[in-house]
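Protein chains: 4
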Amino acid sequence: MELGITERLRPILSAVKGMIETEIAPLDAEFLAEVDRGDRWQFTKRQTEILEGLKLKAKAAELWNFWDTFRDGPQLNTVEYAYLAEEMGKSHLAAEVFNCNAPDTGNMEVFARYGTELMKERWLKPLMAGEIRSAYLMTEPQVASSDATNIAMSCVRDGDHYVLNGEKWWATGAGDPRCAVYIVMVRTPTEGGKHQQHGMIVVPADTAGIEKLRPMEVFGHDDAPHGHMHFRFTDVRVPVENLLLGEGRGFEIAQGRLGPGRIHHCMRAIGQAEKALELLCQRAQSRDAFGKPLAHLGENFDIIAKSRMQIEQARLLCLKAAWMMDQGDAKAAAPWISQIKVVAPQIALEVTDHAIQMFGAAGVSQDTPLARQWTHLRTLRLADGPDAVHRRQVARAELSKYQTGQKSS
Amino acid sequence: MELGITERLRPILSAVKGMIETEIAPLDAEFLAEVDRGDRWQFTKRQTEILEGLKLKAKAAELWNFWDTFRDGPQLNTVEYAYLAEEMGKSHLAAEVFNCNAPDTGNMEVFARYGTELMKERWLKPLMAGEIRSAYLMTEPQVASSDATNIAMSCVRDGDHYVLNGEKWWATGAGDPRCAVYIVMVRTPTEGGKHQQHGMIVVPADTAGIEKLRPMEVFGHDDAPHGHMHFRFTDVRVPVENLLLGEGRGFEIAQGRLGPGRIHHCMRAIGQAEKALELLCQRAQSRDAFGKPLAHLGENFDIIAKSRMQIEQARLLCLKAAWMMDQGDAKAAAPWISQIKVVAPQIALEVTDHAIQMFGAAGVSQDTPLARQWTHLRTLRLADGPDAVHRRQVARAELSKYQTGQKSS
Amino acid sequence: MELGITERLRPILSAVKGMIETEIAPLDAEFLAEVDRGDRWQFTKRQTEILEGLKLKAKAAELWNFWDTFRDGPQLNTVEYAYLAEEMGKSHLAAEVFNCNAPDTGNMEVFARYGTELMKERWLKPLMAGEIRSAYLMTEPQVASSDATNIAMSCVRDGDHYVLNGEKWWATGAGDPRCAVYIVMVRTPTEGGKHQQHGMIVVPADTAGIEKLRPMEVFGHDDAPHGHMHFRFTDVRVPVENLLLGEGRGFEIAQGRLGPGRIHHCMRAIGQAEKALELLCQRAQSRDAFGKPLAHLGENFDIIAKSRMQIEQARLLCLKAAWMMDQGDAKAAAPWISQIKVVAPQIALEVTDHAIQMFGAAGVSQDTPLARQWTHLRTLRLADGPDAVHRRQVARAELSKYQTGQKSS
Amino acid sequence: MELGITERLRPILSAVKGMIETEIAPLDAEFLAEVDRGDRWQFTKRQTEILEGLKLKAKAAELWNFWDTFRDGPQLNTVEYAYLAEEMGKSHLAAEVFNCNAPDTGNMEVFARYGTELMKERWLKPLMAGEIRSAYLMTEPQVASSDATNIAMSCVRDGDHYVLNGEKWWATGAGDPRCAVYIVMVRTPTEGGKHQQHGMIVVPADTAGIEKLRPMEVFGHDDAPHGHMHFRFTDVRVPVENLLLGEGRGFEIAQGRLGPGRIHHCMRAIGQAEKALELLCQRAQSRDAFGKPLAHLGENFDIIAKSRMQIEQARLLCLKAAWMMDQGDAKAAAPWISQIKVVAPQIALEVTDHAIQMFGAAGVSQDTPLARQWTHLRTLRLADGPDAVHRRQVARAELSKYQTGQKSS
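Chains as they are written, first to last, in full-length UniProt numbering: chain A, 1 to 409; chain B, 1 to 409; chain C, 1 to 409; chain D, 1 to 409.
Honestly, the hints are just simulated from the structure, not real lab data. Each hint should be verified, as a subset may be incorrect.
[Claimed, not checked] The list that follows gives simulated cross-link-like pairs (lysine-lysine, BS3-like), each with its CA atoms no further than 25 Å apart:
#: 1; chain 1: B; residue 1: Lys194; chain 2: C; residue 2: Lys194
#: 2; chain 1: D; residue 1: Lys194; chain 2: A; residue 2: Lys401
#: 3; chain 1: A; residue 1: Lys292; chain 2: B; residue 2: Lys292
#: 4; chain 1: C; residue 1: Lys292; chain 2: D; residue 2: Lys125
#: 5; chain 1: D; residue 1: Lys292; chain 2: C; residue 2: Lys194
#: 6; chain 1: B; residue 1: Lys292; chain 2: C; residue 2: Lys194
#: 7; chain 1: A; residue 1: Lys331; chain 2: A; residue 2: Lys292
This structure is a prediction, so every number in the text was calculated from the model and none was measured.
Input sequences plus hints: build the corresponding full structure.
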């Protein structure tokens, strides 16, 4: 069970880290500040300049599409990718600069695995080139999407087309003017078990009948121009071949799609926890109260130690989940993914909260990245399944070891 | 130790509660939405209409200045006032509608106790009439203000004036165009112990040399038009008689000022916790997953029970702290105030966080008041002293019971 | 809602406290050490001397049967009694010295409320005189007694007698040679809802067919000579009039019996928490490491502060529950009793655990009362209903506020 | 960073696990019960039969001295050894059966690394053969041994001897009649820094002047015949060559000695946590309340999931600490050892406590191994340094990454 930094990873990791520290992170603040200038839902000239400039540099340095690499290239595995994701978590722009951002990586994986040749040509290729962006439409306002069998958007066949009706919200990235295609989870008119009644369908963003109701806000922020969109679909028609794999196979795809994405999310969260602890320690040593550095007051030593212990444990758990994924048995890996999905955001939130407290009022303000980081991490406890659902999966896996004819409802 | 709702309080409480539920809370959302129309730092016509209209109604119903009431009127005590504060916590506008909002109540108390007749005429009277607003300038960006002896704004005598130089931030309410006066903590050139080197001085908002550098943001929100201002003072001159009590007596005033204010803050936090629990329970019963209401899934019963137990305990502790305050010995009451200052925001945050999680993605969005409530409550763990400082006070009080000649540094 | 120490209570509390500190607590260790001399299940001569001597003193000082007092005497209410229980919690022997120990107070209450005149003469009178002891047999090894409707001991009528068969364990106090009578929860052959199928029956300890299988151990301790007995009942016959109130009314009695008893347990737990915090603070100030008193190292200030805040909150909650009980509506008081039953043992355990840690290895040893106190408190999280059952009650009470036709299973 | 079960380990692990499950664990209860028959501080005939019989089997199967193996044999490393230690944690007798028990492994390591040839012949050889036992005397009653620089037992040279005076307690294993030798930490009359004033000296158990004052009790248990002894040394004379390495070098030896021992302790704790979770899950599925298995009530799913997540994280952290140790840089490994020393006992205690609660009253009784396991684990939070001291080490290591000329006091 090799969980360390391998020889082949070492130079890549070093290059990624270096580029983030010296070229990407220093531009984060400027990029974000641009959002308030002009139309929030278009990129400003300067934003395009920053982002595309960095992407060119990344491509030139062959620091691009690590996702693709581990499928077809010199073969970074998920454990190795995880170390890169951790670094990308430390900067707002980094993941996209390396074309490794959610939800595009997950969507690319879906196209690569389940897409037709046409889809690969039309969507996968420009996604991998960083020319377009995509969104993933799953959650709905009317049902508890934590139980995904509740997903209700109707998808009814009408000749050579499917007709979609319903609402989707929290379509992350769908505000982006470059966002050209959606992968949409729908209810197909299938017989069978409750995990055989859904489908996954590809919908071009410019299809008629799609209405952007509003951007959803996260603690008051719309995260423009990326955004989290609330859509209404009214008689949206797409060709039947846009349904991936076939009716009733949506959960099959969802499962394959979400595993690696969750690992990336979690490792980025670890990266953010590291950043928060670094800020916390620096503040604790540079600020005095009651005659000594904050570090030496009250429980601050204990907070620092507990944070370090939480981060190390969470990182190791993520790496183990990545390793499980690399063994090729998605079903066996699933409870491990659920474990990290609970653990990583939670500890990253805790460490960030401690850092906020150490900074005093500055911690909640615009003067540190901590407040923004906290609200982002807080949504991770809900996105891709709330904690409770993942704990439920872990518990069921555990109890199944001891079951003797008893049903686990 | 009467901690219940007294006979004389009952009708007042009922009227306050009724007015909040039927008249004030229903206007909160509209009032807040107005902020984004036009100049954020001016009241819109509609905002003025809403706020002044409600204030007139409150005055007409003699639901006004409960603070004053318990000093000179039919004598509500702090315990009774606390029950009212809890209700006011449930609506954005309520506290100001009844002229019971921070920091004005605290400032009014300072003017009433320590002000000259002139100050009472010029500032206290219009404050009590709700005609002007005030701010309290204490925290500074360059020092850890958690240890208030660090406060550094210089205040040097020059003939009949004091001249102030330095920076202050987090001046809550100072963005309000009606804000006419500041009470400012400064370092006076005093000999003596570290708690005898500061003063509290009254500075009209329009004094020359005061520069508004920027509004501070709380998790990205400027809370306009109220605001939390960052100021630079350059050679700000005020008459010597503006210094309250005299040089070196700032801490004396701060202590008296902050006690009741903290109780109000904490009881409003309790009100918010109650509101969050109510929303949580309603959601838990009206939303289904895995074939049953959320309430019946996983640890949700336990979350509800724990929240109820935390709220009851925190409320009783606040009431006891209020009762201690009513006994007239501020020094004896101090560790009790510190206790609630730690406990109330913390449990209100926890309950609110549970409610957010129960709502799923809606919980972090603009569709519930929970996200806004959370960020407000989070700052309470820093405002008026961070948790660590209050725990320190409680521990020192505890250890002093057993001390035998040992010094507690 | 008067939760303070009343005028009439003050002298009684002071006398109780004084007698515990100067006369009872100093004999605790000697009494306990006697257990290892000779037959564990008989009182040694010295044990009798100590206990009966103290009881005589208590009677002489009219510090006796506070339970009775509040029913018929000068009328201490439950809130007042609670303050006395807190003090009794600080000494091993105190509760029995004042004839206020579990399970006798609860059993006396049952006889007083539901007993026949004969029972009052035969059992209540000597119990109130401290001449005999009693036990309460509820829990059974074969079923989850947390759900008391599982209680299965059969009770079948045969002419003028009931015949009992089954096992009971954790019959606290039944090892005591003075224990003369048991109140036993049994399943009666009743039609009706699941709370109408049990009865409460009085069984003299010397009835034929009762077999003491073994003493149960608590973390390896048998708590002799008091003990927690495991019984087998084989065709145990008692006259029909021994069934209290009648068939199917067992839950009715259980509910009335357990409320005050739980308050006493909880307030004694608070007393133990106070004692632990006192020991903790003394140790923290008298022991040095790394060049300073332990109190000034790491998070110790925070531990002390948090302990103080937990204790204050838990005490206030117990007092409020007692006050609810005093209002005479047992159903309304029930969720409050459940709240304290969860909170008080939990915080007392936490504070005791912190004290153990502060003492280092001495904390787990025979050199402090902390280890014994911890194991005793740990059982309180199970006795009279495990935490989970009480949280369940609190949650159901909470949710019922918002229910609109929904069933809470 | 290979943290998995290697090929060479697999058959050994399998054999160890098999022997524990089928031959050792089934005899635990009988062995323990024997303690109460006859002299607690001598082995009964049956105890000797059980223990020596198992040791013979283990030797015959070449499952013996894994400690030695990894030094000189086919080279199991610390990571591999850790997996074996986890299994041994699941049975009371297992560690000694394989000659891998504390404190003997640690003492053997000291003799092997720092002992003279004479010591190796006289003590190491019979220890490795399992013929004698040893103890490690460090902690003292009069000083806070958490700061080991406080250790005060005097060791003064007198000609060819050192003369020792003082008290030691918690000498684990020193009650064992087979315990023949002590390694003792003493204060040597050295000049220099506070970590250069102590020595480590070898004292035969039968040296004149050693008085066994009493066995220390752990939550009321003396753990006979092993025991935790309290000694008084009065003019105890040993030859000068018994001082290991030389005066002032005690900390050097202590550091080397405690690292691997802590990893073993922690991995055994992980084994106990696994056992507790197994018992918990079995109980949760086999016992019903309120109409369903306990597993499906309240937060039990969440408890199971959290326990699984805690165990996985703690195990990975232990394995990483073991891996650090295997890299050969003890100083770099030290903060990792401190991390696991805090984490492993804490989570094992939590899981065990949850299991106790799931079992109800049976959980604290003699009917499950949980209560005994809990008290043992509780002492681990104190033994080899209390949590606070290890957190302090972790915090100092963390802060040192950012230090720029500041001192960390």
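Inset, instruction - Run the structure past the numbered hints and jot down the numbers of the failing ones, going up. - result: 1, 2, 3, 4, 7
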